[in-house]
Amino acid sequence: MSKTKLVVIGNGMVGHHFLETLVERGHSDSYEITVFCEEPRLAYDRVHLSSYFSGASADDLAMGKPELYRQWGLNVRLGDKVVGIDRERKTVTSQHGELITYDKLVLATGSYPFVPPVPGHDREHCLVYRTIEDLEAISASAENAKVGVVVGGGLLGLEAAKALTDLGLETHVVEFAPRLMAVQLDEDGGALLRRKIEGLGVQVHTGKNTQLIDDGESHVHRMNFADGEALETDLILFSAGIRPQDELARQSGLEIGERGGIVVNSSCQTSDQDIYAIGECALWNGRIFGLVAPGYSMAKTVASHLADGDEQFLGADMSTKLKLLGVDVGSIGDAQGHTPGALSYRYSDDAAEVYRRIVVSADGKQLLGAVLVGDNSRYDTLLQYALNGIELPADPASLILPESSGAGAPTLGPDALPDSATLCSCLNVSKGQVCCAIDSGAIDLAGVKDATKASTGCGGCTALLKSVVDNELEKRGVEVNTDLCEHFAHTREELYHIVRIEGIRSFRELLSKHGKGLGCDICKPVAASILASCWNDHIMEPQHVSLQDTNDTFMANMQKNGTYSIVPRVPGGEITPDKLIVLGEVAKEYGLYTKVTGGQRIDLFGAQLHQLPEIWQKLIDAGFETGHAYGKSMRTVKSCVGSTWCRYGVQDSVGMAIQIEHRYKGLRAPHKIKFAVSGCTRECAEAQSKDIGVIATENGWNLYVCGNGGMRPRHADLFATDLDDETLIKYIDRVLMFYIKTADRLQRTSVWMENLEGGLDYLREVVIDDKLGLGEELEAQMAHIVSRYECEWKATLEDPEKLKRFRTFVNDDAADPQIVMVQERGQLRPA
Amino acid sequence: MNAKLDLKWKQLCALDDLVPHSGVAALIDGQQIALFYLPDQPRPLYAVSNHDPVSGANVIARGLIGDLKGEPMVASPLYKQHYRLQDGACLEQPEVGLTTWPVRINDKTVEIGSMD
Ligand code: SRM
Ligand SMILES: Cc1cc2nc3c(=O)[nH]c(=O)nc-3n(C[C@H](O)[C@H](O)[C@H](O)COP(=O)(O)OP(=O)(O)OC[C@H]3O[C@@H](n4cnc5c(N)ncnc54)[C@H](O)[C@@H]3O)c2cc1C
Ligand code: SF4
Ligand code: FES
Numbered sequence: 001m002s003k004t005k006l007v008v009i010g011n012g013m014v015g016h017h018f019l020e021t022l023v024e025r026g027h028s029d030s031y032e033i034t035v036f037c038e039e040p041r042l043a044y045d046r047v048h049l050s051s052y053f054s055g056a057s058a059d060d061l062a063m064g065k066p067e068l069y070r071q072w073g074l075n076v077r078l079g080d081k082v083v084g085i086d087r088e089r090k091t092v093t094s095q096h097g098e099l100i101t102y103d104k105l106v107l108a109t110g111s112y113p114f115v116p117p118v119p120g121h122d123r124e125h126c127l128v129y130r131t132i133e134d135l136e137a138i139s140a141s142a143e144n145a146k147v148g149v150v151v152g153g154g155l156l157g158l159e160a161a162k163a164l165t166d167l168g169l170e171t172h173v174v175e176f177a178p179r180l181m182a183v184q185l186d187e188d189g190g191a192l193l194r195r196k197i198e199g200l201g202v203q204v205h206t207g208k209n210t211q212l213i214d215d216g217e218s219h220v221h222r223m224n225f226a227d228g229e230a231l232e233t234d235l236i237l238f239s240a241g242i243r244p245q246d247e248l249a250r251q252s253g254l255e256i257g258e259r260g261g262i263v264v265n266s267s268c269q270t271s272d273q274d275i276y277a278i279g280e281c282a283l284w285n286g287r288i289f290g291l292v293a294p295g296y297s298m299a300k301t302v303a304s305h306l307a308d309g310d311e312q313f314l315g316a317d318m319s320t321k322l323k324l325l326g327v328d329v330g331s332i333g334d335a336q337g338h339t340p341g342a343l344s345y346r347y348s349d350d351a352a353e354v355y356r357r358i359v360v361s362a363d364g365k366q367l368l369g370a371v372l373v374g375d376n377s378r379y380d381t382l383l384q385y386a387l388n389g390i391e392l393p394a395d396p397a398s399l400i401l402p403e404s405s406g407a408g409a410p411t412l413g414p415d416a417l418p419d420s421a422t423l424c425s426c427l428n429v430s431k432g433q434v435c436c437a438i439d440s441g442a443i444d445l446a447g448v449k450d451a452t453k454a455s456t457g458c459g460g461c462t463a464l465l466k467s468v469v470d471n472e473l474e475k476r477g478v479e480v481n482t483d484l485c486e487h488f489a490h491t492r493e494e495l496y497h498i499v500r501i502e503g504i505r506s507f508r509e510l511l512s513k514h515g516k517g518l519g520c521d522i523c524k525p526v527a528a529s530i531l532a533s534c535w536n537d538h539i540m541e542p543q544h545v546s547l548q549d550t551n552d553t554f555m556a557n558m559q560k561n562g563t564y565s566i567v568p569r570v571p572g573g574e575i576t577p578d579k580l581i582v583l584g585e586v587a588k589e590y591g592l593y594t595k596v597t598g599g600q601r602i603d604l605f606g607a608q609l610h611q612l613p614e615i616w617q618k619l620i621d622a623g624f625e626t627g628h629a630y631g632k633s634m635r636t637v638k639s640c641v642g643s644t645w646c647r648y649g650v651q652d653s654v655g656m657a658i659q660i661e662h663r664y665k666g667l668r669a670p671h672k673i674k675f676a677v678s679g680c681t682r683e684c685a686e687a688q689s690k691d692i693g694v695i696a697t698e699n700g701w702n703l704y705v706c707g708n709g710g711m712r713p714r715h716a717d718l719f720a721t722d723l724d725d726e727t728l729i730k731y732i733d734r735v736l737m738f739y740i741k742t743a744d745r746l747q748r749t750s751v752w753m754e755n756l757e758g759g760l761d762y763l764r765e766v767v768i769d770d771k772l773g774l775g776e777e778l779e780a781q782m783a784h785i786v787s788r789y790e791c792e793w794k795a796t797l798e799d800p801e802k803l804k805r806f807r808t809f810v811n812d813d814a815a816d817p818q819i820v821m822v823q824e825r826g827q828l829r830p831a
Numbered sequence: 832m833n834a835k836l837d838l839k840w841k842q843l844c845a846l847d848d849l850v851p852h853s854g855v856a857a858l859i860d861g862q863q864i865a866l867f868y869l870p871d872q873p874r875p876l877y878a879v880s881n882h883d884p885v886s887g888a889n890v891i892a893r894g895l896i897g898d899l900k901g902e903p904m905v906a907s908p909l910y911k912q913h914y915r916l917q918d919g920a921c922l923e924q925p926e927v928g929l930t931t932w933p934v935r936i937n938d939k940t941v942e943i944g945s946m947d
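Chains A and B are the protein sequences, given in the same order.
If you use my numbering, the first sequence corresponds to residues 1 to 831, in order.
If you use my numbering, the second sequence corresponds to residues 832 to 947, in order.
The set of hints was computed from the structure by calculation and includes no laboratory data.
Take the hints with a grain of salt, since some may be wrong.
To be verified - Cβ-Cβ distance ranges computed for the label pairs, FRET-style:
{"hint": "1", "chain 1": "A", "residue 1": "GLU801", "chain 2": "B", "residue 2": "ARG935", "range": "18 to 28 angstroms"}
{"hint": "2", "chain 1": "A", "residue 1": "LYS618", "chain 2": "B", "residue 2": "LYS939", "range": "30 to 40 angstroms"}
{"hint": "3", "chain 1": "B", "residue 1": "LYS841", "chain 2": "A", "residue 2": "VAL820", "range": "23 to 33 angstroms"}
{"hint": "4", "chain 1": "A", "residue 1": "LYS618", "chain 2": "B", "residue 2": "ARG935", "range": "38 to 48 angstroms"}
{"hint": "5", "chain 1": "B", "residue 1": "LYS839", "chain 2": "A", "residue 2": "ILE575", "range": "55 to 65 angstroms"}
{"hint": "6", "chain 1": "B", "residue 1": "LEU922", "chain 2": "A", "residue 2": "ALA780", "range": "21 to 31 angstroms"}
{"hint": "7", "chain 1": "B", "residue 1": "LYS841", "chain 2": "A", "residue 2": "GLU474", "range": "40 to 50 angstroms"}
{"hint": "8", "chain 1": "B", "residue 1": "LYS841", "chain 2": "A", "residue 2": "VAL822", "range": "29 to 39 angstroms"}
{"hint": "9", "chain 1": "A", "residue 1": "GLU801", "chain 2": "B", "residue 2": "LYS839", "range": "30 to 40 angstroms"}
{"hint": "10", "chain 1": "A", "residue 1": "GLU474", "chain 2": "B", "residue 2": "ARG935", "range": "45 to 55 angstroms"}
{"hint": "11", "chain 1": "A", "residue 1": "LYS618", "chain 2": "B", "residue 2": "ASN937", "range": "37 to 47 angstroms"}
Unchecked claim - Among the chain A residues that face chain B by a calculated CB cut under 8 angstroms, a handful are:
{"hint": "12", "residue": "ASP439"}
{"hint": "13", "residue": "LEU518"}
{"hint": "14", "residue": "LYS524"}
{"hint": "15", "residue": "ASP816"}
Here the structure is a predicted model, which is why all the values come from computation and not from measurement.
Even for Gly, the Cβ is constructed at its ideal location relative to N, Cα and C.
Please construct the entire structure, taking both the sequences and the accompanying hints into account.
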């Protein structure tokens with residue numbers, strides 16, 4: 001059977017979603033699919049484009065991956081633009097000269113930024129904001145710029161303004177209309193947004209009509225406005241709206257809207273029934289939809305239509321919830337109250353800089369629209385009222401009044417939502433679909449996300465989705481199983497709490513009071529870690545010795561042939577020549593393979609169990625301590641050489657690293673913890689990839705938290721700036737103890753942060769604002785751990801009972817005869 | 832059938848050499864044996880081969896012990912497969928397993944049983 005030839009022009013977010021839907025529904029097999037992609041890379045997440053400036057790479061943003069597309073059996077023409085469609089012959093021609101026939105054609109060509117035809121708009125350093133290449137150009141231009149102007153005070157313009165401030169430019173927004181975000185906000189909302197944004201240092205100029213851009217005197221450009229005023233700047237970013245990319249459709253004679261856009265019907269067919277248009281290039285009912293959610297619905301519609309399904313595109317909700325320059329902004333439905341007879345309620349608090357307005361129907365029963373500035377906490381509830389036509393409470397004002405003035409803001413419980421309620425508008429997932437996913441086997445949030453794709457777009461619906469999923473699971477009597485293992489019906493956090501509150505000091509006690517059976521290789525190390533985090537007893541005490549993984553038991557890391565590696569602590573990576581010599585001598589004497597680690601210290605490999613005490617005796621005599629390379633514990637504090645030597649250093653990074661390493665050495669945690677301290681912003685110690693990163697500033701230290709290298713790297717978040725030494729330590733104490741208290745087993749700080757409800761802001765509230773009143777307690781707990789530190793190896797060597805454990809065979813002095821080593825590059829390695 | 836009668840018991844080590852709730856290794860006739868001691872259990876002592884069939888290293892004695900669904904087990908310290916102490920069966924990979932030996936405490940010594 002010959003396959004139908006399907007050609008897709010454009011591989012943006014919507015084009016990608018179309019392909020994904022086709023594959024997921026199993027329809028792709030009956031097509032031979034060719035995809036033309038003008039950009040040099042496959043589809044990426046344009047919605048989160050701005051995160052490129054906060055460190056996300058093109059890879060992080062990628063949606064279409066080459067191996068995935070290969071798996072899906074697609075023919076991809078990357079960096080090749082379609083330049084012509086011949087509808088008679090049913091062919092398309094590409095820029096690279098390819099001619100391909102189609103049976104069905106899908107246009108997903110998106111849109112392009114509108115640049116007002118002002119004389120001078122095409123000067124150098126006049127840019128737009130739509131593709132990764134645009135962002136690269138902006139970064140490059142910004143390097144030599146001091147001032148940047150965004151033309152356009154809409155949603156995208158303000159996002160672009162954020163990018164310019166992040167790049168360190170003095171930023172201006174120039175808007176033609178008399179207010180910001182004229183489409184989504186009303187006058188009062190726009191005014192408050194302006195005030196807040198100006199408070200952040202962005203200068204806003206409304207009612208400005210740019211007439212000419214020419215050479216500036218102190219900056220690159222001078223923008224001349226119709227009112228006779230002028231503004232000088234080095235860089236101009238146009239963000240004055242988008243225009244549908246309908247060029248191809250025009251040339252081939254498809255019906256085009258008066259103001260652009262490829263006309264489509266409710267099946268997303270153009271005036272040629274074999275050609276579809278979806279996403280931002282399509283015009284439905286006289287409207288262009290400049291958001292990704294409606295584009296996704298169109299994509300699904302076409303996927304369905306191609307398989308003789310009957311899904312239809314019938315318009316979309318254009319409500320938006322955003323954080324612009326850190327300011328909450330929400331806009332729902334008829335935000336400006338244009339509906340005849342509509343009534344409005346407004347609440348505005350100048351002190352807290354919060355504004356809320358709701359627009360309700362003449363009979364006061366339906367919510368038609370809303371404007372929120374400064375606080376989006378009511379958005380989800382309001383949106384549900386609006387989308388589902390849920391009848392408003394008798395006093396609609398209660399929906400926007402502050403909680404203290406009444407019995408608390410009425411929120412819509414998950415039960416109040418009808419099955420048709422859209423929970424995730426990006427992926428168009430309803431409550432009914434979520435329930436259905438649960439009924440067909442999804443047993444937790446992750447399962448529901450997998451099955452429905454809900455919450456995988458902008459992420460704005462996560463909290464709502466979780467509350468619905470939890471509620472539905474509970475209703476079905478599903479107990480969400482968060483048990484640690486079959487021996488304990490508790491989470492790690494609960495066990496931590498139990499151990500603290502009941503003062504439990506041993507695994508046996510914990511097991512007999514709160515568990516069952518003998519325990520296993522999951523719960524024993526967890527209990528050992530919790531006990532150590534709380535009481536810091538020696539891990540080789542008889543009550544703890546059987547709990548540890550082999551590495552902790554023998555205080556060394558087991559290698560693949562059963563021998564161990566030895567990693568003495570080298571605080572901050574600073575080491576004296578004498579100590580280096582000792583390491584060399586010991587390694588030589590015992591034939592240990594020697595390697596400098598990625599953690600700025602030296603690893604000696606290949607010792608047998610019975611050799612460990614002898615070797616450690618020598619190391620301890622020379623002043624070394626254990627490096628805890630084996631523990632789920634504080635590992636290393638990497639440092640750069642800092643102000644003592646480096647010409648750029650602004651603080652003594654080595655000194656601080658050593659101080660920190662000594663403070664937290666021996667601290668046991670749900671997973672290992674790594675630190676680094678850099679002496680200036682050049683960041684030679686790579687602090688932003690660590691759980692705790694410290695970077696020197698002219699005025700003190702910037703603290704970064706929850707970074708990760710390893711399998712899934714994560715940039716640390718900037719937590720607090722310009723701290724003095726004392727505050728720095730105080731914050732680290734609190735962050736770490738809070739992590740230890742609340743994290744799951746084997747959860748690095750990065751994953752913990754990603755799962756922490758409220759995220760970075762919440763952690764700041766707990767640590768800096770002491771919202772939970774826990775601050776002093778956390779510090780006291782840390783002080784206790786610090787005071788109980790002892791070198792585990794030193795204590796072991798002093799105790800003959802503990803040393804008995806270090807015998808390869810209990811009944812024979814022989815070494816393991818089956819360990820065989822060979823020479824390589826002048827050292828030994830396992831055969 | 833009559834195997835029991837033919838079992839010969841050899842001294843392996845002292846009871847004192849064992850570590851409660853954990854394992855030690857012993858060497859007898861070139862054979863490495865992992866001994867696990869669960870002092871308060873109905874069956875307190877197990878002897879299995881120290882050789883880890885998955886990694887090829889002699890490390891089983893250094894694994895964590897406990898139970899899964901009530902059956903005593905040891906987890907290999909290298910790649911964490913679980914072996915039933917009773918018969919040495921591997922719970923994850925049925926194609927591998929540990930050898931087991933009869934073992935007993937005779938006064939203050941540990942003895943291992945063999946057929947020869
Ligand atoms: C020795 C060393 C490699 C080297 O030759 O340089 C090393 C060796 C091991 N690493 Fe590592 N890691 C070493 C630095 C790193 C680094 C770099 C760093 O710390 O700056 C990273 C990435 C940074 C990070 O962790 O965020 C790193 C990420 C990992 C990971 C992945 C963690 C993650 O969150 O994805 C593992 C696996 C794990 O912990 O679950 C791991 C696990 C291991 C283990 C423990 C694997 C194992 O269980 O056998 C290795 C045994 C160490 C041993 O036997 O001594 N190692 N490992 C480095 C020891 C540093 C030290 O002085 O203590
Ligand atoms: C900075 C920014 C922030 C945004 N934030 C949000 C948000 O928060 N929420 C939201 O809903 N939306 C947001 N959007 C809008 C959203 O990104 C778009 O709605 C969405 O990307 C539209 O997808 P699309 O596939 O229709 O078009 P596009 O993503 O533009 O993809 C079209 C693709 O087709 C290619 N193409 C065009 N012509 C041809 C041709 N002839 N041959 C081959 N290829 C061709 C183009 O190069 C392009 O790669 C944002 C957009 C930007 C720029
Ligand atoms: S981070 Fe700065 S102070 Fe440290 S070594 Fe690099 S350049 Fe020097
Ligand atoms: S609403 Fe955007 S991901 Fe669900």
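Within 29 to 39 angstroms: is that where the Cβ-Cβ distance between LYS841 (chain B) and VAL822 (chain A) falls? Because 35 angstroms falls inside the window, the suggested range holds.
Quick check: does the Cβ-Cβ distance between LYS618 (chain A) and ARG935 (chain B) fall within 38 to 48 angstroms? Cβ of LYS618 (chain A) to Cβ of ARG935 (chain B): about 41 angstroms, so the range 38 to 48 angstroms holds.
CB of LYS618 (chain A) to CB of ASN937 (chain B), is that within 37 to 47 angstroms? holds, 40 angstroms
Is 30 to 40 angstroms respected by the C-beta to C-beta distance linking LYS618 (chain A) and LYS939 (chain B)? holds, 35 angstroms
Between LEU922 (chain B) and ALA780 (chain A), is the Cβ distance one that fits in 21 to 31 angstroms? violated, 44 angstroms
Is it true that LYS841 (chain B) and GLU474 (chain A) lie within 40 to 50 angstroms of each other by Cβ? Check failed, 60 angstroms falls outside 40 to 50 angstroms.
Should the interface hint for LEU518 (chain A) be scored as holding, given a Cβ-Cβ cut-off of 8 angstroms against chain B? holds, 4 angstroms
Hold the hint about ASP439 (chain A) up to the distance rule: shortest CB distance to chain B must be less than 8 angstroms. It is violated, given that the least Cβ distance between ASP439 (chain A) and chain B is near 29 angstroms, above 8 angstroms.
Range first: 55 to 65 angstroms. Now tell me if the beta carbons of LYS839 (chain B) and ILE575 (chain A) are that far apart. At roughly 56 angstroms between Cβ atoms, ILE575 (chain A) and LYS839 (chain B) fall inside 55 to 65 angstroms, so the hint holds.
Are ASP816 (chain A) and chain B close enough, Cβ to Cβ, to be under 8 angstroms, as the hint says? holds, 5 angstroms
Do the Cβ positions of GLU801 (chain A) and LYS839 (chain B) conform to the proposed distance bound of 30 to 40 angstroms? holds, 33 angstroms
Hint check for ARG935 (chain B) and GLU801 (chain A) - Cβ pair distance inside 18 to 28 angstroms: Taking Cβ atoms as reference, GLU801 (chain A) and ARG935 (chain B) lie about 25 angstroms apart, which means the hint holds.
Figure legend: structure checked against the earlier numbered hints; hints not met, in rising order: 6, 7 and 12.
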